[in-house]
Amino acid sequence: MTPGRRSSTFTRLLRHGFTDASAAERLLDSVELAAVRDDPVLLEALGATADPDLALHGLVRLLEAQPGHTARRELLDTLIAAKPLRDRLLGVLGASAALADHLARHPRDWEALVTYEPRDLHPGVAEFERGLAEAVDPVSLRVAYRRCLLAIAARDVCGTTDVAQTAAELADLATATLRAALALAEAAAPDDAAACRLAVIAMGKCGGHELNYVSDVDVIFVAEAADGADESKALRSATKLASHMMRICSETTVEGSIWPVDANLRPEGRNGPLVRTLSSHVAYYQRWAKTWEFQALLKARPVAGDLGLGQEYVAALEPMVWKAAERDNFVADVQKMRRRVVENIPAAEIDRELKLGPGGLRDVEFAVQLLQLVHGRADLTLRSGTTLDALQALAAGGYVGRADAVQLDDAYRFLRSMEHRIQLYRLRRTHLVPEDEADLRRLGRSLGLRTDPVTELIREWKQHTGVVRRLHEKLFYRPLLDAVAQLAPGEARLSAEAARERLVALGYADPAAALRHLEALASGVTRKAAIQRTLLPVLLGWFADSADPDAGLLNFRKVSDALGKTPWYLRLLRDEGAAAENLARVLSAGRLAPDLLMRAPEAVALLGDGDGGGLEPRGRAQLEQEILAAAGRADNAEDGVRAARGVRRRELFRTAAADIVDSYGTDTKPVEADQGALVDRVGGAVSDLTAATLAGTLRAVVRDGWGDTLPTRFAMIGMGRFGGHELGYGSDADVVFVHEPQEGVDEREAADAANKVVAEMRRLLQIPSADPPLLIDADLRPEGKSGPLVRTLKAYEAYYRRWSLVWESQALLRAEPVAGDEELGRRFIELVDPLRYPAEGLGEDAVREIRRLKARMESERLPRGADPKLHTKLGPGGLSDVEWTVQLLQLRHGWAEPGLRTTRTRQALAAAQAAGLLGTEEAAILDEAWVLATRVRNAVMLVRGRAGDTFPTESRELAAVGRYLGYGDGHAGDMLDAYRRTTRRARAVVEELFYGA
1 MTPGRRSSTF TRLLRHGFTD ASAAERLLDS VELAAVRDDP VLLEALGATA DPDLALHGLV
61 RLLEAQPGHT ARRELLDTLI AAKPLRDRLL GVLGASAALA DHLARHPRDW EALVTYEPRD
121 LHPGVAEFER GLAEAVDPVS LRVAYRRCLL AIAARDVCGT TDVAQTAAEL ADLATATLRA
181 ALALAEAAAP DDAAACRLAV IAMGKCGGHE LNYVSDVDVI FVAEAADGAD ESKALRSATK
241 LASHMMRICS ETTVEGSIWP VDANLRPEGR NGPLVRTLSS HVAYYQRWAK TWEFQALLKA
301 RPVAGDLGLG QEYVAALEPM VWKAAERDNF VADVQKMRRR VVENIPAAEI DRELKLGPGG
361 LRDVEFAVQL LQLVHGRADL TLRSGTTLDA LQALAAGGYV GRADAVQLDD AYRFLRSMEH
421 RIQLYRLRRT HLVPEDEADL RRLGRSLGLR TDPVTELIRE WKQHTGVVRR LHEKLFYRPL
481 LDAVAQLAPG EARLSAEAAR ERLVALGYAD PAAALRHLEA LASGVTRKAA IQRTLLPVLL
541 GWFADSADPD AGLLNFRKVS DALGKTPWYL RLLRDEGAAA ENLARVLSAG RLAPDLLMRA
601 PEAVALLGDG DGGGLEPRGR AQLEQEILAA AGRADNAEDG VRAARGVRRR ELFRTAAADI
661 VDSYGTDTKP VEADQGALVD RVGGAVSDLT AATLAGTLRA VVRDGWGDTL PTRFAMIGMG
721 RFGGHELGYG SDADVVFVHE PQEGVDEREA ADAANKVVAE MRRLLQIPSA DPPLLIDADL
781 RPEGKSGPLV RTLKAYEAYY RRWSLVWESQ ALLRAEPVAG DEELGRRFIE LVDPLRYPAE
841 GLGEDAVREI RRLKARMESE RLPRGADPKL HTKLGPGGLS DVEWTVQLLQ LRHGWAEPGL
901 RTTRTRQALA AAQAAGLLGT EEAAILDEAW VLATRVRNAV MLVRGRAGDT FPTESRELAA
961 VGRYLGYGDG HAGDMLDAYR RTTRRARAVV EELFYGA
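Number 338 in this note's numbering belongs to position 338 of the sequence shown; there are no gaps in the numbering.
Dumping the calculated BS3-like pairs for lysine-lysine here, alpha-carbon to alpha-carbon at most 30 Å:
#1 K669 x K336
#2 K355 x K323
#3 K336 x K290
#4 K355 x K669
#5 K794 x K756
Hints are computed from structural coordinates only; laboratory data are not their basis.
Using the sequences and the hints given, assemble the complete structure.
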């Protein structure tokens, strides 16, 4: 061949889609293709296939396999002359290496693609049974099956059938194959066949008439004794026949296998008998079946054996299927099953999982099946086992919005087409999108994407999964609005009863109230109502994802009533992607955040992405600046403190909302994986806010009573969790007060002024108002409640020099100036440092005293009736255990280890580990327990709106705490078990480190 010709051919091959033009040239030059090498028709046809290289290679193999020159010539002549055969044969060869292998082994099977009668275009079970009729053993059955499959694939890749028709043909071929396999089994054991009536019920995709190229064929067997036969003997015979039938289909022979037959959807799964009588099936489903088992029966269809018995089976169980939606936690059970499927996908595969991953085929199927089960009891048109037919019926009945149904139909068809073409290549059971560039290119071209197949394929795939993710839950909610809104004439709508059924299924305890809220929000022709109708389907889905959907919807109505006339509110929710989901999470997560929001609904602006500052916590300096400015503008102390408390309420809402959003996660922001970071963020934000509020209150009180200068220098020292930057939502502000008379001021006058300041601050911060009170607790001062509320720095020095007890040294480990005179606060810290970090550490007597105090506290302070193992503060392995252990290390070693000189528990624990005072594993165990206990306390406050140290007992509140901690519906028990397990490990470390056990 001349170089010029080679170059020309090489270029032409590349232009026709070949990727290895050199290899293609060699194949075209082979003796088998010599007669047609230069025929442009062949090159054009090869270039139209999904993989021209693969098609050409398969064609050469097929020609090589022909029994002689005449047969080879016949194939080539027909190929060039008959476009239908050319398109079918080369289309299959370019899409399926496995079917190319089959043709190479059975070189005359190409003739099955030569002519199609009209009846061949859409064959049914009868046509496939004729195609399998000559099979006399498992090997010949496989050959005949592949021949039929070859014809189905040819119609598919040429576009003669769409994806739904292809799936139906594959299911019909499976039906014919099951019948042929059962006939072989019966022929091998005629006595067993005579002893029983055996029906094969197809389940799953085969039952739904929507099978893949390669899939397990799910079945259930039901049998009865033949006339006059013994039932137990009949069941043994039926079991033998069923087992043999399964082996005929599943076992690997020289011709491979057909597909596995899977009977694990039967009652009791693989632990139950393979074959049961009809009465045994009915008894099981009446008494023991779980929700998912009724969901699976949606697809049940008799396909082989005694079809009359099969119909009796369906008729007996069908009424139970349509009552499944009345079961407690029905929707939660179905959604939990879906989540469990997703959780079991290996992390490395989830982004490539076409069937089971988020936005995949199973999302569409689960959503459709859920709606069928909710509404199919009353509407017989919904009772189809085929996903696309059921989706169309749901849209026609008004159960799904028409536009949503069209988008889902398009997405499902595209994703199923991808799945089909991926499986067709090797005829292997897989749902993973390939990673290899060549595989992606072939896949894209097989779907008609020719310009840039890989890029276009990935874009369309991601677009369709995005549509499914967005719509699959919204499907439940949009029609609820149509039920209460004015629709265009002729539009289908849910009846009031259907809407009530759906709300109950979705977890709403008071569906009548929910419908009233929807009507109030979405009715009418105003712009406001139109925007609400756009927002609510999505919001309702987020509410239903919470532990208390009713509260979420009610709270949303309240906020909307308060802000509905402000121009920015609905625009914020509609246009700023994060705002609507953030609001839904916040309104349905418990009482605290909605209560804070209702007192000043304009704080909704914080939930957006724009200029409201978002949900990022603000630093102490920024907060203090705002609060001091607001207090400075006020006419009196009461107005000044009111302004400070207003800022505090808004910032508490910001902190709580951020905590909820980070803990729940959103569509665009995953759940915060670092639980410790969540705790630190809340503790730091609330502590900074409390310090700023106290600083503003102090400024307002001093200014109102004394002008610019108080007769005494005055400082507040944070103690306990406040000093440790670990305040929770419901924490008091633990402080001690220190003052020092101004030069020339009488000590009594200074003390009176300091006491008046404290009294007035406490009063103003507790005045009943729309803002939450801030309680100041000074019980950690010297002598506790018996000692003076305020002391001078000299008085503290004298007391600590003479009277200080070991518990006071321990309490001072958390001391940190938080407000007032900074220099005085610094000198107080210098005074107490030698007490809290004693030179050479604590003596043994002091260590024993601390242990004794701890033991007494455990026995005396635990509330009566509380479960110690679930008490976050005083229970074993709880906050007190961890903190006392860390503080004992600080008291003993703080003098020598600078890293231990911190008021923060987690920092001190990390420093102790770094210093070798405890092991890495021990430190991690204590840290995990402390973080978990703190998270539980925060969750209880968020959910109940009041502080608590134990898990709630009311089921919805407990479920809401679980959601905050990352546990789905029905997993409250798992949460409690995990808490006990975590704190039990921590207690073992405490026993060793604190008590020296």
